[in-house]
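Required output: the full structure, derived from the provided sequences and hints.
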Amino acid sequence: MTRAAEPRASLVVGDRIAPESTPGEALRRRLPEEELCIKCGACLPACPTYVSTGLERESPRGRTQLIRAVAEDRLRPDDYFATQMYDCLDCRACELPCPVGVPIGSLVLEARAAAQRRSNTARGSPNLMARLGRWTLERGLFAHPRRMEWPVFIMGWLYQRSGLQGIVRATGVLRLLPQLRHLELWLPSLPGRPWRWRFAGAGARLESYGPARMRAAYFLGCFMNTVFADASVASVEVLRRNGVDVITPRGIRCCGAPQMDLGDIELAREFARTNISILETTDAAVVVSDCAACSGMLKEYGELLKDDPDWASRSARLSARVRDFSELMLELIHDGPPLGRVETAATYHDPCHLAHLQRVTQAPRELLQMIPGIRYAEMPCSDTCCGSAGTYSFRRWHQSMAILDEKIANAISTGAEVVVTANPGCLGQLEMGFRRAGTRIPVRHLSQILLEAYESSDEERADHSSE
Amino acid sequence: MRPHFDDGEMVVDARLLTELTRILGSERFLTQPADLIVHGYDAALHSELPGAVALPRTTDEVSAILRCASAAGAPVVARGAGTSLTGGPVPDRPGHLVVDLVQMDRILAVDAEDLTATVEAGVVTADLQRAAEARGLFYPPDPATLRTCTIGGNIATNAGGPRGLKYGVTRNYVLGLEVVAADGTVLHLGGRAIKNATGYALAQLFIGSEGTLGIITGAVLKLIPKPLAERTILAAFDRLDDAAALVVRVLGAGVLPATIELIDQACIRAVEAYKPAGRPLDVEAVMLLRVDGHPAAVEVEQQTIASLCREAGARDVRVPATVEEAECLWDARRAVSPALGRLSRSKLDEDITVPRSAIVPVMRRIQEIAASRGLPIAVFGHISDGNLHPEILFDMADADERGRMLGAASDLFVAALESGGTLSGEHGIGYLKKEFLPLAVEPAALELMRAIKALLDPAGILNPGKVFPDGHSPILRGTDASIMPPNPFRGPFPGATSRRRKSATPHVGTERGR
Chain A
1 MTRAAEPRAS
11 LVVGDRIAPE
21 STPGEALRRR
31 LPEEELCIKC
41 GACLPACPTY
51 VSTGLERESP
61 RGRTQLIRAV
71 AEDRLRPDDY
81 FATQMYDCLD
91 CRACELPCPV
101 GVPIGSLVLE
111 ARAAAQRRSN
121 TARGSPNLMA
131 RLGRWTLERG
141 LFAHPRRMEW
151 PVFIMGWLYQ
161 RSGLQGIVRA
171 TGVLRLLPQL
181 RHLELWLPSL
191 PGRPWRWRFA
201 GAGARLESYG
211 PARMRAAYFL
221 GCFMNTVFAD
231 ASVASVEVLR
241 RNGVDVITPR
251 GIRCCGAPQM
261 DLGDIELARE
271 FARTNISILE
281 TTDAAVVVSD
291 CAACSGMLKE
301 YGELLKDDPD
311 WASRSARLSA
321 RVRDFSELML
331 ELIHDGPPLG
341 RVETAATYHD
351 PCHLAHLQRV
361 TQAPRELLQM
371 IPGIRYAEMP
381 CSDTCCGSAG
391 TYSFRRWHQS
401 MAILDEKIAN
411 AISTGAEVVV
421 TANPGCLGQL
431 EMGFRRAGTR
441 IPVRHLSQIL
451 LEAYESSDEE
461 RADHSSE
Chain B
1001 MRPHFDDGEM
1011 VVDARLLTEL
1021 TRILGSERFL
1031 TQPADLIVHG
1041 YDAALHSELP
1051 GAVALPRTTD
1061 EVSAILRCAS
1071 AAGAPVVARG
1081 AGTSLTGGPV
1091 PDRPGHLVVD
1101 LVQMDRILAV
1111 DAEDLTATVE
1121 AGVVTADLQR
1131 AAEARGLFYP
1141 PDPATLRTCT
1151 IGGNIATNAG
1161 GPRGLKYGVT
1171 RNYVLGLEVV
1181 AADGTVLHLG
1191 GRAIKNATGY
1201 ALAQLFIGSE
1211 GTLGIITGAV
1221 LKLIPKPLAE
1231 RTILAAFDRL
1241 DDAAALVVRV
1251 LGAGVLPATI
1261 ELIDQACIRA
1271 VEAYKPAGRP
1281 LDVEAVMLLR
1291 VDGHPAAVEV
1301 EQQTIASLCR
1311 EAGARDVRVP
1321 ATVEEAECLW
1331 DARRAVSPAL
1341 GRLSRSKLDE
1351 DITVPRSAIV
1361 PVMRRIQEIA
1371 ASRGLPIAVF
1381 GHISDGNLHP
1391 EILFDMADAD
1401 ERGRMLGAAS
1411 DLFVAALESG
1421 GTLSGEHGIG
1431 YLKKEFLPLA
1441 VEPAALELMR
1451 AIKALLDPAG
1461 ILNPGKVFPD
1471 GHSPILRGTD
1481 ASIMPPNPFR
1491 GPFPGATSRR
1501 RKSATPHVGT
1511 ERGR
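Going down the list, the sequences are from chains A and B. For the first sequence, the tail end lands on 467 under our numbering, and the numbers increase by one without skipping. For the second sequence, the tail end lands on 1514 under our numbering, and the numbers increase by one without skipping.
Because the hints were derived from the structure by calculation, they are not lab data. Source: prediction; values computed, not measured. Note that the Cβ used here is the ideal one computed from N, Cα and C, for glycine as well. Treat the hints loosely; a few may be bogus.
What the hints assert, rightly or not - Lysine-lysine pairs mimicking DSS-like chemistry, simulated, CA-CA at most 30 Å apart:
id	chain 1	residue 1	chain 2	residue 2
1	A	K306	B	K1275
2	A	K39	B	K1275
3	A	K39	A	K306
4	B	K1166	B	K1226
5	B	K1195	B	K1453
6	B	K1166	B	K1195
Unchecked claim - Pairwise CB distance ranges (calculated):
id	chain 1	residue 1	chain 2	residue 2	range
7	A	G251	B	C1328	47 to 57 Å
8	A	C381	B	G1136	14 to 24 Å
9	A	E378	B	R1334	14 to 24 Å
10	A	E378	B	G1471	53 to 63 Å
11	B	V1319	A	E378	28 to 38 Å
12	A	P372	B	V1319	34 to 44 Å
13	A	R359	B	L1256	34 to 44 Å
14	B	R1334	A	R175	47 to 57 Å
15	B	R1239	A	P338	57 to 67 Å
Said to hold, decoys possible - Looking from chain B toward chain A, a few residues come up when the C-beta cut is under 10 Å (computed):
id	residue
16	I1037
17	V1038
18	A1044
19	L1055
20	D1105
21	G1122
22	T1145
23	A1335
24	S1337
25	P1338
26	A1339
27	R1345
Okay, structure coming up:
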């Protein structure tokens, strides 16, 4: 097959801009923001990749200066540049210490998109397999939360429950295929059925137990629906116990976070427009998600579409309605049902897109500490990235593992018997981290611990009434 | 417009390139344009592309790099985390070899009995402080960028910080140094003993030498016991003079605070605009003091200072009881720099240091300079040791403002020196202030400095174009010569000007006289 015959149009992502537009031109629009950088270096110690490599190009300051160099046509936006942009975890930890407020995270995402456009339009690039891989992730598997249901279900039964996984891990046969092996190592123990299948009969509305206090649109993320269905079931259960009528609108696309991560801003915008038009027709007061990546992305819709005159105000209105699960729960819990005892030592890991992007750090901790019996201990560097970071753990396996192992050591040092977090990427990554460390400390979503407390309260009451 | 890509200009020759790649491997010897760009800047105004970047991990590697570089005659610029405010780690000309020491980041020992720490040059200052604190010990020097900057850079610039009055600066904590000389010889200077009267204090010579005499690769540092408690006092003054007079009152009462910080009106207004908290905008100065020591002692000292503040005419005195409340007050101090950063496109952060008695007149003079040059200058500083940070707010892209900024800086230096002060208290000279050095150092002393430089670095390959005036200042390029003060030496010893020599006249590179 000759290159010219490649089915480009269908596989190329993000080439909707005019071909003469160069990455430099695309980035030049952001130059006023880059120019804010005073190169003080306050961001360096906050950056997990800088701390672990000691390389300036892997620091937020370095990345910002590289973007500026491309915008000023001093640097070619070549593959080396693209690599630096993709090596960013997008954990946004750098934005907290920045004294002048450079939006480093979104600059890097824009630079990824610019570098991507260049490599799509450059002659003879990139190879078909890489493109196919991207296409599968961006437009296939991640494009709709539904798409992952069957693959995950089949993996759960055919691979894990059949005992095949045990054989594969014992023989180490996947050592020959490193990337597949990494995926296999990451795989947490899969639940029986996805969220949507379990509530298929209930349709789009799950009513609150007892009198309804509010109505919320539940934004079901792809991983929460499938790999972490037990957690998402718990989230909805907890919401309903707190008087929330939960509706799950049909036709919702992916939130757009994986597409942003892979440098396809245009596709993320497309999904955002679809989601906004569906969500704004619902009568729910808030949009809630128990996936920090989703809730973070939904809150960014206003920013993402601010230059689109038809969508700027609609997207801003939608973003203002979004709450992360922990934020909404903190508003509701005081007037909710009583929490029962959960006797355990717990620590909390901050998901980057909750702590840095949404600046939500107190809500999950307060909720945890409200549960009677929980002995809470803060882990050192609780808001340092776990190394999962979208697709980073698969693109930079060794780097990701170095960051993860540090995280796990910090978690273990607290003596915790359970590690709580609020994002699917972190749940999977931390679970793998404890497997690597040879310990069996369970990792739970905040909603699972809350549900445990409510169920323990049920039991306490049952005991009382039987006495 | 056709793009002009900076692919780097190699002064480093091909044989050196091959040799260094062999020693360090391509992972730690970088020549990609992207890597050159990110090793050509610091936190000052100007950047320049290196020709290649070396990332050594051992002293032996640094020695090998310098051996090769001196054989090839290639200029070498040592670099830590690049937080300098004077351009010290920025190559003087394109193509120099940058040696980045951040990967030499091992804390080799913290000895609780000897009260010493042995570290490599790339150790981050805050990491050393944490390691010391874990053993109940204390490393006091606290430059503002301590979470980022490295010990090697601190030593090379003799970095200070707010704790200067009570605890001194980096120099006071260096017992021994490991330095690689220009020809690659590894020198071990000083030692581990607290007292050392053994021959010339050569380790001291390298402190503040800004990479012009050798590359510092390791240090033995003095630690002290960690103070058990600390207390904060904040006082707002209607009059600057009253605020400044407080320092003398406090010291006179036998209290030695760890820190006394002054924030002037321009800073308060900037902070209030940045993070509103209902601060009084009409006060001339806010003073923040911190005492540390035994819990019982700091309790008493806090009250003593509070009453001294009231006696001195403070409008408002705050005495926080908890650490959290105290931190809220310090947040305002920490917000000064970012708040000022948002007011203008560029700012020049100076660090003149004057005798305590001259603080008020110099601060008044700074206000006059701001008015006459037509640029805002905000001042904060570690007032107890006379270290002021006038921040000139301007726009680097505007040639006229740039010229006025340089004029204002020149005026500031003259004001500091005429009051018996210095050009720099803690940032160093770099390229930024080198043309002004003859104002502060008498000709014979400057010649001695040049002689020492020539002895230790005969080929002149170590960080060329720094510290010494050479008429090649990137910041003065294309500006008017009239900004330079006509009378060169204004140093701290009155009467010494009579021995002035012609050769010491600072000359400004490419300017044309009017």
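Here's how the hints hold up against the structure:
1. For the hint pairing K306 of chain A with K1275 of chain B, the CA-to-CA distance comes to about 26 Å; that is within 30 Å, so the pair holds.
2. Taken as a hint, the K39 of chain A and K1275 of chain B pair is honoured in the structure, with Cα atoms around 22 Å apart against an allowance of 30 Å.
3. Taking the CA atoms of K39 of chain A and K306 of chain A, the gap is about 28 Å. The hint holds against a cut of 30 Å.
4. Distance check on the hinted pair: K1166 of chain B and K1226 of chain B sit about 14 Å apart at the alpha-carbon level, within 30 Å; holds.
5. With a C-alpha separation of about 27 Å, the suggested pair K1195 of chain B and K1453 of chain B falls inside the 30 Å cut-off, and the hint holds.
6. Taking the CA atoms of K1166 of chain B and K1195 of chain B, the gap is about 20 Å. The hint holds against a cut of 30 Å.
7. Between G251 of chain A and C1328 of chain B the beta carbons are some 48 Å apart, a value that agrees with the proposed interval 47 to 57 Å.
8. Under the hint 14 to 24 Å, the C-beta atoms of C381 of chain A and G1136 of chain B, about 22 Å apart, fit the expected range.
9. Distance hint for E378 of chain A and R1334 of chain B: a CB-CB separation of about 23 Å, consistent with the stated range 14 to 24 Å.
10. Judged by the Cβ atoms, the range 53 to 63 Å given for E378 of chain A and G1471 of chain B holds: they are separated by roughly 56 Å.
11. Evaluation of the 28 to 38 Å hint for V1319 of chain B and E378 of chain A yields a pass: the beta carbon distance comes to about 29 Å.
12. The hinted range of 34 to 44 Å is satisfied by P372 of chain A and V1319 of chain B, whose Cβ atoms lie roughly 38 Å apart.
13. The hinted range of 34 to 44 Å is satisfied by R359 of chain A and L1256 of chain B, whose Cβ atoms lie roughly 40 Å apart.
14. At roughly 50 Å, the beta-carbon separation of R1334 of chain B and R175 of chain A lies within the given 47 to 57 Å, and the hint holds.
15. Distance hint check for R1239 of chain B and P338 of chain A: the Cβ-Cβ separation is about 60 Å, which falls inside the suggested range of 57 to 67 Å.
16. For the restraint placing I1037 of chain B at the interface with chain A, the shortest Cβ-Cβ distance is roughly 5 Å, inside the 10 Å limit, so the hint holds.
17. Proximity of V1038 of chain B to chain A holds as hinted, the smallest CB-CB distance being about 4 Å (cut-off 10 Å).
18. Satisfaction of the interface hint for A1044 of chain B is found here, the shortest Cβ-Cβ separation to chain A being roughly 8 Å, below the 10 Å cut-off.
19. Interface restraint check: L1055 of chain B against chain A, minimum CB-CB distance 7 Å, threshold 10 Å, status holds.
20. For the restraint placing D1105 of chain B at the interface with chain A, the shortest Cβ-Cβ distance is roughly 7 Å, inside the 10 Å limit, so the hint holds.
21. The interface hint given for G1122 of chain B holds, since its Cβ lies 8 Å from the closest Cβ of chain A, which is under the 10 Å cut-off.
22. For T1145 of chain B, the suggested interface contact is upheld, since its CB lies about 6 Å from the closest CB of chain A, less than 10 Å.
23. Restraint check, A1335 of chain B versus chain A: the minimum CB separation of about 8 Å is within 10 Å; hint holds.
24. With a least beta-carbon distance of about 6 Å to chain A, the hint placing S1337 of chain B at the interface is held under the 10 Å criterion.
25. Restraint check, P1338 of chain B versus chain A: the minimum CB separation of about 3 Å is within 10 Å; hint holds.
26. The beta carbon of A1339 of chain B is positioned within 10 Å of a beta carbon in chain A (closest approach about 9 Å), and the interface hint is therefore held.
27. The criterion of a C-beta within 10 Å of any C-beta in chain A is met by R1345 of chain B, whose closest approach is roughly 7 Å, and the hint holds.
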